[in-house]
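Novice: Residue numbers (numbering that gives the first Met the number 0), protein chains in the order written: chain P, 0 to 167; chain S, 0 to 167.
The set of hints was computed from the structure by calculation and includes no laboratory data.
As the list makes no split between identical chains, a pair holds if one copy fits it or if it spans any two.
Derived DSSO-like pairs (lysine-lysine); straight-line CA-CA distance at most 30 Å:
(1) Lys31 x Lys125
(2) Lys125 x Lys90
(3) Lys16 x Lys90
(4) Lys31 x Lys90
(5) Lys125 x Lys16
Number of protein chains: 2
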Amino acid sequence: MPTQNHALFYEDIQIGKQYGCGSVTLSLEEIKTFARQYDPQPFHLDEEAAGKSVFGSLVASGWQTAALTMRLRVEGELQLQGGWIGLGVDKIVWPNPVRPGDTLTAFTEVVEARESQSKPQYGVIKVRTTTFNQREEQVCEVVSNQFVLRRPAGQPDTSLKTTIAEEV
Amino acid sequence: MPTQNHALFYEDIQIGKQYGCGSVTLSLEEIKTFARQYDPQPFHLDEEAAGKSVFGSLVASGWQTAALTMRLRVEGELQLQGGWIGLGVDKIVWPNPVRPGDTLTAFTEVVEARESQSKPQYGVIKVRTTTFNQREEQVCEVVSNQFVLRRPAGQPDTSLKTTIAEEV
Numbered sequence: 000m001p002t003q004n005h006a007l008f009y010e011d012i013q014i015g016k017q018y019g020c021g022s023v024t025l026s027l028e029e030i031k032t033f034a035r036q037y038d039p040q041p042f043h044l045d046e047e048a049a050g051k052s053v054f055g056s057l058v059a060s061g062w063q064t065a066a067l068t069m070r071l072r073v074e075g076e077l078q079l080q081g082g083w084i085g086l087g088v089d090k091i092v093w094p095n096p097v098r099p100g101d102t103l104t105a106f107t108e109v110v111e112a113r114e115s116q117s118k119p120q121y122g123v124i125k126v127r128t129t130t131f132n133q134r135e136e137q138v139c140e141v142v143s144n145q146f147v148l149r150r151p152a153g154q155p156d157t158s159l160k161t162t163i164a165e166e167v
Numbered sequence: 000m001p002t003q004n005h006a007l008f009y010e011d012i013q014i015g016k017q018y019g020c021g022s023v024t025l026s027l028e029e030i031k032t033f034a035r036q037y038d039p040q041p042f043h044l045d046e047e048a049a050g051k052s053v054f055g056s057l058v059a060s061g062w063q064t065a066a067l068t069m070r071l072r073v074e075g076e077l078q079l080q081g082g083w084i085g086l087g088v089d090k091i092v093w094p095n096p097v098r099p100g101d102t103l104t105a106f107t108e109v110v111e112a113r114e115s116q117s118k119p120q121y122g123v124i125k126v127r128t129t130t131f132n133q134r135e136e137q138v139c140e141v142v143s144n145q146f147v148l149r150r151p152a153g154q155p156d157t158s159l160k161t162t163i164a165e166e167v
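Bound conformation, chain P alone:
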């Protein structure tokens, strides 16, 4: 995998730093299209049935909310060398449902970092991404573990060089 500009190596990761994301708006038709393929339940597909459900009106599948959270991550400020390669997820919660027309944004925080036991060229970071709607209600929290490439020996720390150049 070629290295990427602006993407962080494991050594660049700062625990506790928060990274922003863009935003995405979800339409009724996108909700139904996803539900037909991945979560075909009446409260994701049919307005009338959804009105009689526990949700009171049509809502997006939680898996679509989680998938949109992934997109916000991939396109967000925290860019990782090697890409967003997941080992697994420790937690997902959906405190509020997403409804047609909602606009979502998110922020990501790195909560832990360790060297990989099995793959010496990688580090493993635990990241928490929290997703909100346009009313600042939390709609999703994902905590996952991701591989991040370690800086190859002898490769210059260009991010630091840039900072020094700006200081001089």
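Chain S: place on chain P using the hints.
Specialist: Chain S in isolation, oriented as in the chain P frame:
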């Protein structure tokens, strides 16, 4: 929510019982369509870039594998009264990637059950769904917590009645 035939109330749940699912085959185009919308990374979108990645060839987003696991659940043998309404996820792992043309199936096991503290008409069950490809390699494991409606007081246990009718 009207009650459904063949769907289990909380009281019908058997801890440890395994429930099967159907199967679903994932095409290259479906992998790319999902990735464009939810996980736009080169190893999900571009065969040449994927060949140079850690995966060695194009793979599906893990979030698509998880979403397909949801579909297998929703259409599988374990039907829940009120539908599959998730409180949250305790764990997702992806031991092997999914590649174009792979056919997935899964089974679900109920591992815990408790009455809801906040919603007396519901129980909460913890379920583990394990998803495999056509080579019987595990591609996903999801452990989640789901609401299930409790049997309303005075409603006959028709599942048991059917069993008795068959016995006589």
